[in-house]
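What follows is each chain in one-letter form.
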Amino acid sequence: MLLQLKNIFKWVNSGGQRIFLLKDINLEVQEGEFISVMGPSGSGKSTLLNVIGMLDGFDEGEYTFLDEPVHSLKEKHRANLYKEYIGFVFQQYHLLDDLTVKENLEMPLLYKKFKGTERRAMVADMLDRFNIVGKKDLFPTQLSGGQQQLVGIARALISSPKLILADEPTGNLNSKQGEEIMELFKELNQEGVTIIQVTHSEKNASYGSRIINLLDGRMI
Amino acid sequence: MLKNNLKIAWRNFIQYKWYSSLNVGGLAIGMACSILILLWVQNESSYDTFHKNGDQIYRLTAIANEDFKAAVSPAGMVEELPNLIPEMVSSVRLSLPFEALFEADGQKFKESSVYFADSNFLDVFTFPLIEGNAGNALLPPNGILITEEWSRKYFGTTNALGKSIKVDNNDVFTVTGVLGTIPPNSHLQFNIVMPMSYYAKTHSDLINKVWDNFNFYGYLQLEENAITSADDLSKMEEKINELYAERSEFDITFNLQPLKDIHLRSNLQIDIPGHGNIQYVNIFLIVAFVILIVACINYMNLATARSSRRAKEVGLRKVIGAGRHQLVLQFLSESLLISLCSLIVAIGLVYLLLPVFNNLAQKELIFQIGEPKIWITLGAIALMTGLVSGSYPALFLSGFRPVKVLKGRLKLSKYNLFFRNGLVVSQFVVSVLLLIGTLVVYKQLNYIKDKNLGFNKSNLLYLPMEGEMWEKIDALKTELAQNSLTKDFSIVSDLPANLETGDFDIQWDGKDPNQQVLFPSIRADERFLDVFQMTLLHGRGFTKSSFENNDYVVNETAAKIMGLDVDKAIGKSLTFRGNKGVIVGVVQDFNFKPLQYNIEPLVMSHNGYGAYAVIRTLPNSTSNTLSVLEEIYSSLNPAYPLVYNFMDASLDAQYKGEQQMGSIFNVFALLAIFISCMGLYGLSAFMVEQRFKEIGVRKVLGASAIRLVNMLSRDFMKLVLLAFVLATPLAWIAMGRWLRDFAFHIEIQWWMFALAMVGSLSVAMATVSFQAFRAARANPIKSLRTE
Ligand SMILES: Nc1ncnc2c1ncn2[C@@H]1O[C@H](COP(=O)(O)OP(=O)(O)OP(=O)(O)O)[C@@H](O)[C@H]1O
Ligand SMILES: [Mg+2]
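Protein chains in written order, with my numbering: chain G, 350 to 569; chain L, 1494 to 2280.
Bear in mind the hints are in silico, worked out from the structure with no lab data behind them. Take these hints with a grain of salt, some might be off.
Derived DSS-like pairs (lysine-lysine); straight-line CA-CA distance at most 25 Å [what the hints assert, rightly or not]:
1. G/Lys425 / G/Lys485
2. G/Lys485 / L/Lys2061
3. G/Lys464 / L/Lys1500
4. L/Lys2004 / L/Lys2061
5. G/Lys461 / L/Lys1897
6. L/Lys1728 / G/Lys461
7. G/Lys451 / L/Lys1496
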């Protein structure tokens, strides 16, 4: 088992009222799964993904990741866990605009203190694999949306995470580009990477092995 | 990682040129100021450190009372002390500096700052000879020492040993030594030294080895390790004071002033002119530090203002695995890069501005970048600046929660806003402080210039008596009286500028025998009061027979000290220096010392002979008067060139130190304000950028440009006002303390604060509204579309 959420609640206080963003979430994810999270806008999909990705906290419940109790870990320990095992892909790509494609890919490795030769090899590998060798010295603004998202995924993958979290990765792309990304995810999943994606499209969801539906912060 | 950080920092630096140049500009100006000030401070604190025995040399100084501490001591006492106290190795006496006429190779030179010195002068002090023998150069009474520069000036060569110099058209001296150039950081500045043995032929203090006349500077060299603590020093002083009490009836205390303290820590009268002031050194050190901090604050402000732009980057980096310390390092390397660039620019600025600064500070500072000490200091400045200015952005920015920033919901927390406003306020506190300081210094200096001294100092010129003039005073008087341009003249012993006389030997009826008051004195002729246009309160001035009658004129303060009402003093008997006479007049108090000092009791006696002829010229006839004087002088005293001075100019020259301080202060105040405004400019630009959309919307809804400018500037103006409120009491206290050094000073007035407030507000307003106007005038559609 990769991770387990038990009775997770998350809320915000607004005007003396408690507004629930997540309500009693129970979820088990096995290694190698490909899960799609669906639900209407505002139902808490991104919130859930962020909680799983440890970018956001929660108020009640237990979260176990690879047998580590995330809810009681220290910030630093949690960051290490995250750094080691999780890769994020965003709808808005979120590349560092001041860095070239190559440097964007190299950045996570730097933070993980890989050696220079290793880094270069890994970056070259990724560029090769995603067919963007020719773009390596361009800046993100010089790429198309689909190319940017490819770089975003490559960056999430470069340090071989066990889990990829993708929040509407194809939201800003046309359907052909979207399809390519989905094929890529499927490939990765077959190689053993666990994937959780948020999507609005039934078609994209069908690439996955399981669908979770959210409504008003509750799993249905 | 570091390489990577630097690469990114450099790219950021290049990409945001405008932002970077604001940063580098502010920091570079701040650093350049600090470097210049530190050079000055370093020079001021290096005085007399080049003497080999520097730590063992002390100057003997005399304290008569709280108001009268003097740098001089008795000739006999200084000579005999080493025989009486075993720890004393030797002593050197120097005469007061004097002027004389020197004739070499047929050319005549009028020189000032000439000293008589004891023969061991060169043993005690380290002034190397490039020609001659240090051991006996000052032994023969007809020997003379000159510096290499003067040797060249007199003889065209530094090889001047054995050459002759005639002094004051009288005795001929032989050059027995040529000195290397005197270091500029020596409190003793001279080009000619003459042997004390020559002076001893005529000077009664030296002949009689007196212990109760204070006419020489006495330097004592103690044994090494004789004084290792403050305790040792006071024990030694006690010993000296006991010895003195045995020998003299005067109640004088002596102090030992360390040689290295003379330049900065001496506030003595009758001192060698041109010394510095530790207070100014401290003030400037603080100013250097503060300006650097102001520049750092700029950086912090700009960085946090830009934080919304960088927050996203921080969030992203965290998402891809950056730890907080890694981000902190990244931001620090950025600020260090900026501060390094600034240092390079600053070094350029220092090279560029050093001549101007030297001119301002009357110094010959040099900036030697090769010296390791300089390198270390510069490195430390850059490092400190980089760390201080980078620390806040680094900690602040690296603390962002990634989800929040990525969702674009970043709002500056109250605390951060408070902090940033705090930074702006503290910058302006400094600016306002310096501004008020500048105003107060300026007004005080003006006050000094314009103060009614109790006599009319304008249109007065004076000639010192020299050479044959002494014997020809009567002829001079006749000649001066005959010409309508010069007939308004007086002969006086001393000028009422920086009177150096003082005597305890005074008696009046009813004087408490234990009372010991120092009375400065002036000897003057019967025209003195008229020529100086002083106010006689009671009685009369001197008449022709005043000399025989021992008539005295005293000032108000003297009358008060004698316990007399001004009008009842006339006719009272007074014995000064053993001459019994009566008080014939009381003159209104006038300043005869610089305005730092209170008016002391003054006694004036009559004498037709004196060291100066003072002439009141008619308005607008100075040049005519001078040509008349030239004629008279050359016929009476052909061997000497005419030397004259204007009374007001000489008086003003006494405040050179204060004036220099004032102008340096001005410059740095301006720079501090300039740097603060650079920061404000950057801040307002970012604020406008952040509110670009809001401005657009408001404009579409019909807000006028003025309204928008008002909206945008109001917050900043509040900050400047707050800064003003905080700076006011500080300025009050600080400037009050400075003014207290002057017995005569202005009062700090409310309008100075008002002016400083208006000044800082309008500069800040101009800076902010420049940005605001730009935004308010921009096409609203454009601003809305960019979102
Ligand atoms: N910090 C917060 N304070 C108040 N409400 C919040 C906060 N964060 C999220 N919400 C609310 O929580 C709900 C869920 O947000 P979330 O971003 O998870 O929705 P989503 O399912 O991803 O929607 P979409 O499909 O539009 O992306 C929304 O109604 C949002 O307004
Ligand atoms: Mg969402």
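Each hint tested on the structure:
no., hint, result
1, G/Lys425 / G/Lys485, "violated, 32 Å"
2, G/Lys485 / L/Lys2061, "violated, 104 Å"
3, G/Lys464 / L/Lys1500, "holds, 17 Å"
4, L/Lys2004 / L/Lys2061, "holds, 16 Å"
5, G/Lys461 / L/Lys1897, "holds, 24 Å"
6, L/Lys1728 / G/Lys461, "violated, 68 Å"
7, G/Lys451 / L/Lys1496, "holds, 16 Å"
Comparing the model with each numbered hint stated earlier shows that hints 1, 2 and 6 do not hold.
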